[in-house]
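Asks: In order, the protein sequences belong to chains A and B. Quick note: the first sequence uses the working numbering, first residue 11, plus one each step. Quick note: the second sequence uses the working numbering, first residue 64, plus one each step.
Some clues are possibly wrong.
To give a feel for the contact side, a few chain B residues facing chain A, derived at Cβ under 8 Å [what the hints assert, rightly or not]:
(1) Lys88
(2) Asn118
(3) Thr122
(4) Asp143
(5) Arg146
(6) Met151
(7) Ser155
(8) Gly171
(9) Tyr200
(10) Gly205
(11) Met223
Just so you know, the hints here were simulated from the structure itself, not pulled from any lab data. Note that the structure is a prediction, hence the values are computed from the model and not measured. Note that the Cβ used here is the ideal one computed from N, Cα and C, for glycine as well.
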Amino acid sequence: MELFTELIPYVLRGLNVTLEVTAVALGVGLIFGALLAIGRVYGGKVLSRALGIYVSVIRALPHILLLLIIYFLLARIVDLTPFWAGSVSLAIISSAYQAEIIRGAILSVPHGQMVAARSIGMTRIQAIRYVILPQALRHMIPPWSNEASIVIKDSSLVYILGVPEILRQAQYYSGRNPTKPFNAYLAVAVIYFALTFLTNRGLDALEKRIRIPS
Amino acid sequence: MAPKKNIIVKIDNLHKSYGAEEVLKGVSLDIYEGEVVILVGPSGTGKSTLLRCVNQLTTPDSGHVWVQDVELTDPNTNIDTARQHIGMVFQSFNLFNHLTALDNVMLGLLHVLKQDKEAAREKAMMELDRVGLANKYMNYPGQLSGGQKQRVAIARSLAMEPVVMLFDEPTSALDPELIGEVLEVMKTLALEGMTMLCVTHEIGFARDVSHRIVFMEHGDIVEQGPPKKILNNPDLPRTKQFLGKISSLH
Chain A
11 MELFTELIPY VLRGLNVTLE VTAVALGVGL IFGALLAIGR VYGGKVLSRA LGIYVSVIRA
71 LPHILLLLII YFLLARIVDL TPFWAGSVSL AIISSAYQAE IIRGAILSVP HGQMVAARSI
131 GMTRIQAIRY VILPQALRHM IPPWSNEASI VIKDSSLVYI LGVPEILRQA QYYSGRNPTK
191 PFNAYLAVAV IYFALTFLTN RGLDALEKRI RIPS
Chain B
64 MAPKKNIIVK IDNLHKSYGA EEVLKGVSLD IYEGEVVILV GPSGTGKSTL LRCVNQLTTP
124 DSGHVWVQDV ELTDPNTNID TARQHIGMVF QSFNLFNHLT ALDNVMLGLL HVLKQDKEAA
184 REKAMMELDR VGLANKYMNY PGQLSGGQKQ RVAIARSLAM EPVVMLFDEP TSALDPELIG
244 EVLEVMKTLA LEGMTMLCVT HEIGFARDVS HRIVFMEHGD IVEQGPPKKI LNNPDLPRTK
304 QFLGKISSLH
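The task is simple: from the sequences and hints, build the whole structure.
Replies: Now the structure itself:
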C-alpha cells in the first residue's frame, strides 16, 4: 500500500503550510478588512471614497495576477520569503472581500443603536466597539464562512511562488510517479474538502452559540 | 411638585433646515428644574428635531442650547461629556439588542462613567427595580414586550443620573394596552421632581402630570401655557382645533 506509506505522508507534509497560509490570510485579512469597513462606513467622504476605490481595484483583478503583482512589488521593497509574500498577498486580497462583508454587517445594525449609544454619552469609537461591532459580528458569520472557504482554496495559489503547500507537494509526487498522477490530486481534493467542511461546521456552531436569544 | 426657579435647559433662537425646508424657525424655550413640559403639534412641525437639538444628536444651523449652564452649541464643549447627563428615550426603544436588560443599563455606567463592575451592577439593578423590571434583568430585548423594553430604556437613561429627560414619542410604537405601564413610570418620575421634555400625544398624561404644554406648528412655538388653560381655553383657534382632534382619539 504505497498510498498510505508514501503518497499521503508526502502530501501531508504540505498541510502545515496550507493551514499557516490560510490562517495568516484570513486573520490579517480580517483585521485589515475591519479597518477598511469602519473607514468606509464612518470615515467621512474622502476616506470612504478612497477606500472604496481600493476595494474595487482589488476585487476587479484575478487573484493569481494580484499575487504576482504584489509579490514582485513587495520583493523590491522588503526581503520576504515566498511564504510571507504569498500569505500577505492573500491577506491583502481577502481584506477587500472581508471589508465588504463587514461593511454590510455594520450597515445591517439599525441606526438607532448608534444614536442610543451616543445619547448616553459614549464616544463614536466606544459605540462602534461596544454596540455596533458585537452585533455586526453576528450578522457577518454566514457570508464570512463563504470567504473562509474561498481563502482555504486560494491558499493553493501560493504554489506559483514555490511555497510547498499541499497542491505543490502533490505535484512533486506526481512528477516522481508519472504513471499515477490521479492519486495525488485526489488526495489533495479530499484534504481541501475536509478543511472547508470542518471550517464551515465550526462557524455554524459559533453562529448558533452566540445567537442573541429572542 | 412645582418647578423651581432655576433654568435647566435654555433654548435660544434655534434654526434648522433640511435642504430647502426650514424645520425650526427660531425656537426659544426655557425649562425649569422639576418642570414637565409637553411638546405637541402636527407631525412634521419640528418637535422631534427640537428635542434632538437639545442633546445635539441633531446639530442646529444656528442658535444656542444650554443645559445647566453648559453651552452644548459651543464647538469647544465636549459633547460626549455633556450628553452623559441628558437622558433620552426613543419611540423605537433602541435597546442594545445583543445585551440583557441588566447589561443595557450597565453599559454606560461601565464605559462612560467608568464605574467598577460591582457598583455598576448594583446601580443598574436599582434602576431596573425602579421601573418594576428587576425580575427581568437576564432577559434580552427580544424576550421583552414593547412596554417592558421602553421601561428598560428609561432605566438605562436614569442610571446615568440625568439632569433632564427627553422623551421622543415614548408610547407611539406601543400596543394600547402597554402604554399605561410606561406612562405610569413617567408619572412617577415627574412626581419625584425629574425635569422632563416630552413629545407625546398622550393628552391625559399632559393634563394630569405636566406643568406646561407647548404647541408647535410649522417650525415654531405658536402657543404655550399651563395644561388647564391650553386644553380647555386656548387663545388660538388652531390650538383648540388640533387638541380637539387628538383628544377625540384617546
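Asks: All the hints need checking, so say for each whether the structure fits it.
Replies: Hint by hint, here is what the structure shows:
1. Lys88: It is violated, given that the least Cβ distance between lysine 88 (chain B) and chain A is near 25 Å, above 8 Å.
2. Asn118: holds (6 Å)
3. Thr122: Result: violated, 12 Å to nearest chain A Cβ.
4. Asp143: holds (5 Å)
5. Arg146: holds (4 Å)
6. Met151: Cβ of methionine 151 (chain B) sits 4 Å from chain A, so the hint holds.
7. Ser155: Where the cut-off is 8 Å and the nearest Cβ of chain A is about 6 Å from serine 155 (chain B), the hint holds.
8. Gly171: holds (4 Å)
9. Tyr200: violated (14 Å)
10. Gly205: Because about 3 Å separates glycine 205 (chain B) from the closest Cβ in chain A, which is inside the 8 Å limit, the hint holds.
11. Met223: Holds: closest Cβ of chain A sits about 6 Å from methionine 223 (chain B), inside 8 Å.
Figure legend: structure checked against the earlier numbered hints; hints not met, in rising order: 1, 3 and 9.
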